[in-house]
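Going down the list, the sequences are from chains A, B, C and D.
Residue numbers are given in numbering that gives the first Met the number 0: position 114 of the first sequence equals residue 113, and the series is strictly consecutive.
Residue numbers are given in numbering that gives the first Met the number 0: position 328 of the second sequence equals residue 327, and the series is strictly consecutive.
Residue numbers are given in numbering that gives the first Met the number 0: position 310 of the third sequence equals residue 309, and the series is strictly consecutive.
Residue numbers are given in numbering that gives the first Met the number 0: position 137 of the fourth sequence equals residue 136, and the series is strictly consecutive.
Among these hints, one or two may not hold up.
Simulated pairs of lysine to aspartate or glutamate, DMTMM-like, Cα-Cα distance not exceeding 20 Å [said to hold, decoys possible]:
#, chain 1, residue 1, chain 2, residue 2
1, D, 323, C, 263
2, C, 199, D, 259
3, B, 363, B, 259
4, B, 323, B, 195
5, C, 271, D, 259
Hints are computed from structural coordinates only; laboratory data are not their basis.
Protein chains: 4
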Amino acid sequence: MSYNTFGHLFRVTTWGESHGPALGCTVDGCPPGVPIDEAAIQHWLDRRKPGQNKYTTQRREPDQVRILSGVYEGRTTGTPVQLMIENTDQRSKDYGEIAETFRPGHADISYWQKYGHRDPRGGGRSSARETAARVAAGGLARAVLAALVPDLEIRGYMVQMGPHVLGPERDMDEIEKNPFWVPSAQAAEDWAAYLDGLRKSGNSCGAAIEVVARGVPEGLGAPVYGKLDTELAAAMMSINAVKGVEIGEGMAAAALTGEDNADEIFLGNDGKPVYASNHAGGILGGISTGQDVVVRFAVKPTSSILKPRASITKSGQPTEVVTKGRHDPCVGIRAVPVGEAMMACVILDHLLLDRAQTGGTRGKIG
Amino acid sequence: MSYNTFGHLFRVTTWGESHGPALGCTVDGCPPGVPIDEAAIQHWLDRRKPGQNKYTTQRREPDQVRILSGVYEGRTTGTPVQLMIENTDQRSKDYGEIAETFRPGHADISYWQKYGHRDPRGGGRSSARETAARVAAGGLARAVLAALVPDLEIRGYMVQMGPHVLGPERDMDEIEKNPFWVPSAQAAEDWAAYLDGLRKSGNSCGAAIEVVARGVPEGLGAPVYGKLDTELAAAMMSINAVKGVEIGEGMAAAALTGEDNADEIFLGNDGKPVYASNHAGGILGGISTGQDVVVRFAVKPTSSILKPRASITKSGQPTEVVTKGRHDPCVGIRAVPVGEAMMACVILDHLLLDRAQTGGTRGKIG
Amino acid sequence: MSYNTFGHLFRVTTWGESHGPALGCTVDGCPPGVPIDEAAIQHWLDRRKPGQNKYTTQRREPDQVRILSGVYEGRTTGTPVQLMIENTDQRSKDYGEIAETFRPGHADISYWQKYGHRDPRGGGRSSARETAARVAAGGLARAVLAALVPDLEIRGYMVQMGPHVLGPERDMDEIEKNPFWVPSAQAAEDWAAYLDGLRKSGNSCGAAIEVVARGVPEGLGAPVYGKLDTELAAAMMSINAVKGVEIGEGMAAAALTGEDNADEIFLGNDGKPVYASNHAGGILGGISTGQDVVVRFAVKPTSSILKPRASITKSGQPTEVVTKGRHDPCVGIRAVPVGEAMMACVILDHLLLDRAQTGGTRGKIG
Amino acid sequence: MSYNTFGHLFRVTTWGESHGPALGCTVDGCPPGVPIDEAAIQHWLDRRKPGQNKYTTQRREPDQVRILSGVYEGRTTGTPVQLMIENTDQRSKDYGEIAETFRPGHADISYWQKYGHRDPRGGGRSSARETAARVAAGGLARAVLAALVPDLEIRGYMVQMGPHVLGPERDMDEIEKNPFWVPSAQAAEDWAAYLDGLRKSGNSCGAAIEVVARGVPEGLGAPVYGKLDTELAAAMMSINAVKGVEIGEGMAAAALTGEDNADEIFLGNDGKPVYASNHAGGILGGISTGQDVVVRFAVKPTSSILKPRASITKSGQPTEVVTKGRHDPCVGIRAVPVGEAMMACVILDHLLLDRAQTGGTRGKIG
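Throw the hints in and build the complete structure from the sequences for me.
Structure below.
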């Protein structure tokens with residue numbers, strides 16, 4: 000059992016609370032000999048770092064990662080890699096009330112019901128701050144993938160913010176140019192206006208994120224509970240505030256006919272199968288086919304809002320909760336690098352699993 | 000790692016292929032002393048059994064379960080329970096072509112790419128026939144749950160068939176009265192007409208299923224990768240043909256504001272929290288709150304259709320695939336008892352986990 | 000957690016009781032494409048089969064194995080392999096008393112204390128009959144090893160029976176010529192006389208078994224809890240009646256000095272390291288070095304004896320236990336093939352693990 | 000798979016190298032609400048701390064533990080506990096040669112063969128310094144056990160140093176009075192003289208340690224691969240330099256007859272079973288009976304000695320190794336608190352497992 004671990008062979012255990020002295024992750028099973036240093040991991044952490052624009056929490060955390068073990072002279076040794084991020088901006092005074100009152104939509108009440116004792120500062124372990132450790136692990140996973148599958152590319156971006164849904168066009172060059180990682184200049188503009196309004200009114204909104212992996216080797220994933228899509232669903236659903244996960248066509252598959260849904264197969268010029276469409280999201284029977292692996296997930300609106308909501312206290316008294324403090328009006332934004340990190344970890348894990356069982360040999364076509 | 004196992008403490012390993020001599024599951028970790036017999040498990044298997052009406056495959060399988068171990072004098076012993084179902088109607092001649100041709104939408108190609116050797120008869124291991132073993136395991140899980148949490152109730156039903164989406168009303172008394180387990184007499188009628196048309200034209204359609212667990216104890220689930228919703232997402236996504244999973248509000252959460260999404264909390268007459276709504280689907284921070292746990296998943300259309308689709312052979316030649324044989328025009332129908340079984344297994348597993356870590360003690364409210 | 004499973008990537012879950020309808024094992028993670036059939040597994044089972052000579056239980060079990068899944072056209076498919084052995088000679092009348100009385104040295108009392116309900120027939124799950132399933136799994140593991148590491152050789156033999164300890168000489172050609180698998184014609188003769196006497200007097204004796212693996216690739220095993228010796232210790236200790244496990248020098252290492260214990264290293268003619276001695280038993284820091292891997296384990300005397308022993312009944316009454324029925328006077332004999340099977344499974348498991356993490360690459364010497 | 004993790008529900012992952020910036024452990028699954036602070040853990044670490052007398056390495060490490068997560072206001076929260084120990088006295092100059100030369104008896108060669116890249120400073124991950132993290136985890140386990148099973152007592156002590164074997168008498172009051180934790184004033188004196196001689200001559204010796212747990216609840220352990228003795232064997236064998244593990248009678252069981260080995264059972268005055276002897280070491284069929292759980296393990300002599308030993312370099316050249324630096328002449332001494340820590344972790348883990356599966360209910364006797 001692994002309450003706080005994910006992965007089978009590339010095993011990531013995250014630890015730490017929002018306002019404790021530090022947080023981080025222990026990564027076991029990392030292949031040896033892979034070039035890595037703190038800067039390479041920091042690159043990814045900086046994307047998730049709070050306080051970078053007005054749409055994310057104003058908590059100031061440098062999120063500096065330290066490698067405490069498992070790396071020697073710039074390369075992984077194959078032993079556990081410990082990545083630690085110290086918390087520096089822990090204004091726990093902002094969170095004093097939480098200890099006695101349950102904030103609707105937050106895990107305050109469920110943690111209390113389960114454990115009977117919890118760290119209430121900033122949500123403690125249930126804080127989205129935990130995802131910094133995932134991004135660090137994802138940075139390590141990317142370094143390993145770069146060594147093993149150089150052509151693999153993982154990109155995440157927003158496809159929905161509140162009621163605003165991105166159309167089918169994706170201008171990938173726009174992703175890095177706007178604070179939402181949305182692949183559309185027009186959407187970036189519209190969404191900014193929408194979010195400004197929400198933020199000023201003390202409200203928040205949900206979002207949907209899409210993560211695509213291009214160049215995934217065929218044959219990753221294992222029937223029937225170690226399916227690649229099963230693991231991706233778990234990985235994404237484990238991110239704070241996620242309420243739905245889709246592979247390829249996703250929930251819309253329910254409305255299709257078999258004729259429409261079939262991704263017809265042809266032989267490409269390079270002797271590899273090509274497909275007329277990708278309803279499957281790159282996965283058949285839980286195993287990658289070589290097509291793009293496409294995952295989407297929905298993030299619920301930030302529960303910490305200035306709008307008063309009815310609730311109760313620990314002693315059962317009715318109360319009203321207004322959450323001040325520093326919060327993201329749309330937590331979905333910072334979920335983009337987190338989703339990418341999870342994708343990287345899952346693909347690497349399955350690459351290792353496949354290498355174990357099949358030795359990477361493949362049935363031939365053509 | 001567990002390619003074919005799910006669960007942490009109530010561990011279910013399924014085995015067997017569509018056209019092998021038998022299939023079944025090995026259940027390890029079952030609590031001792033629980034009353035169980037073959038009839039109790041057969042009850043649930045009979046719901047999934049093929050050939051019961053014109054909307055499911057006409058393959059005739061009695062799906063008789065045998066308990067080979069772990070039960071003595073009508074009660075579980077705490078040692079592994081082996082449940083075996085013999086395959087009797089194995090007309091593998093229906094499936095001869097598959098060995099050389101890849102059927103679009105099926106796992107033929109990905110299994111071949113991964114393993115380089117596979118049992119092609121009826122899809123082999125990738126066949127939905129595997130889910131019979133899940134339903135058997137679910138029957139055992141239900142028996143244990145009945146002993147530990149007598150008030151728990153798990154119900155699954157269809158909420159969408161192709162383009163036909165069920166409205167918000169649910170007439171639960173209708174569920175057992177129609178072949179679709181849809182909680183609406185009108186929908187049952189409309190869907191029958193729609194499916195008849197599809198079936199005659201040799202086409203198929205997708206579906207969405209909702210599974211609700213009522214009476215789930217609060218405190219089940221564990222941060223941050225053993226979340227109850229994480230495990231449910233994995234469990235449902237592991238079912239054949241599932242492409243999306245939602246908890247509570249699901250993908251629609253992306254469109255909400257924080258104000259709308261907050262499930263306001265009050266104190267009920269019984270001194271327990273009550274909620275004004277259930278956008279959360281009964282889970283906060285990955286831990287059950289005592290509200291109904293609500294999961295939905297989408298099943299893609301049956302890929303085996305009479306409509307010709309373009310594909311290639313193993314040797315890379317272009318071909319056209321028309322799948323004859325005995326197939327469900329909507330595999331989503333028989334996914335209902337499977338979804339229920341997965342829900343039962345996941346809840347039991349987390350009940351045992353919670354009992355291990357917290358001893359079942361709870362923080363008090365009021 | 001895996002109560003009844005061992006292995007990480009080659010995962011064996013055994014199931015079944017002494018007097019239930021059948022027993023067997025579910026093997027998950029087996030590499031695909033490996034030639035195997037029932038006869039190949041039966042070969043190993045026949046070595047463990049009871050009733051083959053006067054020194055083992057006279058229970059008559061053909062121990063015929065059936066492959067129910069995971070093999071197609073004579074090769075493994077990479078999906079779970081189910082191996083089943085039906086119980087045929089279940090004279091449970093012999094065991095009637097056990098239900099109410101605790102036999103000293105047996106698990107009757109501990110199973111009762113733990114579970115409060117158990118299958119008492121022939122010891123139920125605690126019977127050494129469970130080891131038949133291990134031997135079947137070991138047969139499969141050997142087939143995979145033969146494909147991956149053709150030069151690997153695993154041999155087990157007895158090195159002690161009661162007070163009779165084999166000297167340092169081993170005449171390996173004798174192993175298959177006597178019922179004790181002892182590598183010495185003289186010992187075989189002496190031990191037969193000793194065991195005849197014991198058997199006639201209704202007593203029993205302990206034994207020690209040594210299992211040696213030759214040709215184990217270097218680099219297997221992983222620090223610090225997945226060490227090869229850690230796993231071997233667990234594997235052997237999990238065999239019924241085993242009370243001690245040794246690697247290389249074993250318990251005698253306590254008496255050595257560092258000077259004596261050091262296995263000095265030289266470079267062999269083939270450019271590989273050679274060692275002046277093998278106190279380490281082929282494992283340093285938990286990782287194989289390429290030397291012979293040497294394991295020994297001690298089996299306690301059969302607890303089922305005709306000599307009366309004091310005990311109590313379930314209701315707490317004093318009683319005297321005399322165990323009639325069909326029992327091995329020295330269970331250690333049939334532990335030989337079981338130890339070999341465990342060695343095969345552990346080595347294969349670690350071969351797959353190593354392939355996953357390092358890709359099988361090795362640091363160069365010379 | 001868990002290369003660097005042990006435990007199923009109380010999961011300890013250790014990380015860190017001998018001469019890296021820090022080492023520690025991540026403990027997942029710790030029950031909530033248990034009183035703990037750094038001082039309570041430091042108490043146990045201080046027993047293992049180097050440099051306390053002339054018989055252990057003169058490396059000076061304060062081994063100060065810091066709790067970085069999982070504890071709030073003096074009690075565990077049920078989320079991961081991170082325990083970190085910074086390395087302060089890292090004279091890696093002492094170890095410069097190791098990078099190019101393989102020290103006989105050390106893991107230098109096997110790590111190199113496996114990983115092709117390693118941290119050679121002080122043995123890196125293979126250093127016994129890793130056991131500090133185990134002792135820290137054991138301190139936490141003891142705190143939890145104190146809350147759940149107040150009467151449980153775990154004591155470790157040496158029973159052999161080189162050729163000097165302790166007789167059957169144990170004067171437990173002596174344990175804390177001598178540097179060897181040997182329960183005999185006379186042995187302490189004799190062993191000191193012996194070890195002084197060895198140390199001066201630059202040699203080292205092996206040792207045997209016994210760890211006894213008194214007050215272990217009956218019913219812990221699970222057939223057939225999660226047996227309590229199986230897990231104890233793995234736990235002890237995973238400690239650096241251990242070559243053999245025994246439960247109860249251990250390897251000597253091979254020489255006994257069934258009549259001698261049977262622990263006869265009587266009913267005690269408190270209505271609980273009492274036994275005339277404890278050959279079983281408190282475990283039958285892998286499950287605890289309530290008797291003392293008795294484990295012994297042998298530690299090989301320190302491989303770092305001043306005596307020259309033949310070896311080779313990475314480039315295959317013959318060489319002679321003399322290991323200067325600061326080393327324990329008998330590493331077995333500091334293995335005592337490590338063995339105790341492993342016992343505490345295993346028992347706690349199985350207590351949680353038993354609570355999960357059986358709910359702690361017990362079959363009644365009398």
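To see whether the hints hold, each was checked on the structure:
Between the alpha carbons of residue 323/D and residue 263/C the distance comes to roughly 18 Å, so the proposed pair stays at or under 20 Å and holds. About 17 Å separates the Cα atoms of residue 199/C and residue 259/D, which keeps this hinted pair within 20 Å; it holds. The straight-line distance between the Cα atoms of residue 363/B and residue 259/B is roughly 28 Å, outside the 20 Å bound, and the hint therefore fails. Restraint check: the Cα-Cα separation between residue 323/B and residue 195/B comes to about 17 Å, which is no more than 20 Å; the hinted pair holds.
Between the alpha carbons of residue 271/C and residue 259/D the distance comes to roughly 49 Å, so the proposed pair goes past 20 Å and is violated.
Hint compliance for this structure: hints 3 and 5 are not met, and every other hint is.
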